[in-house]
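*Asks:* Numbering (the UniProt record's numbering), first residue to last: 1 to 106.
What the hints contain is simulated information worked out from the structure, not anything from laboratory work. Please note: incorrect hints may appear among the correct ones.
[Stated by the list, open to error] Derived CB-CB ranges, DEER-like:
#: 1; residue 1: 61; residue 2: 89; range: 11 to 21 Å
#: 2; residue 1: 11; residue 2: 70; range: 33 to 43 Å
#: 3; residue 1: 77; residue 2: 49; range: 27 to 37 Å
#: 4; residue 1: 23; residue 2: 61; range: 15 to 25 Å
#: 5; residue 1: 71; residue 2: 11; range: 29 to 39 Å
The beta-carbon is built from N, C-alpha and C at its ideal position, and this holds for glycine as well.
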Amino acid sequence: NYPQAQATCQAKGAVLASVKTFDKLTIVRNLVGANIAWVGADDMEKQGSFTWKLDSSPVTKETLKSVFALGEPNNSQGLEHCVHYYFKTGMLNDVQCSSTYGYVCE
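Working from the sequences, and respecting the hints, build out all of it.
*Replies:* Okay, here's the thing in structure tokens:
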């Protein structure tokens, strides 16, 4: 799950990857391939305001347009607060933090 992925990265002296640009998204795509992986953004501190774990900076509108799937993040059913890379869209998406996926640290 997302908290466990965060803890694993921290134990390695890293954090979940911040995917702020299309170039960084391309790197994640190449690393992850046809899989799903946690990246370092969530809205757990303030619902609806996603921030990057690396530096606590907000996920900007420019980032939403360039690396998130269309219509995401959408907080479906009020339960989606963590961000992952989703191979079917090749973009980022918000999902429930309890889901089990791989992860990308930096």
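*Asks:* Decide, hint by hint, whether the structure agrees.
*Replies:* Tested hints:
About 19 Å separates the C-beta atoms of residue 61 and residue 89, a value consistent with the hinted range of 11 to 21 Å. Taken as a hint, the range 33 to 43 Å holds for the pair residue 11 and residue 70, whose Cβ atoms sit roughly 35 Å apart. The given range of 27 to 37 Å is broken by residue 77 and residue 49, whose C-beta atoms sit roughly 19 Å from each other. Residue 23 and residue 61 have their C-beta atoms about 18 Å apart, which keeps the hinted 15 to 25 Å range intact.
Separated by about 35 Å at the C-beta atoms, residue 71 and residue 11 satisfy the suggested range of 29 to 39 Å.
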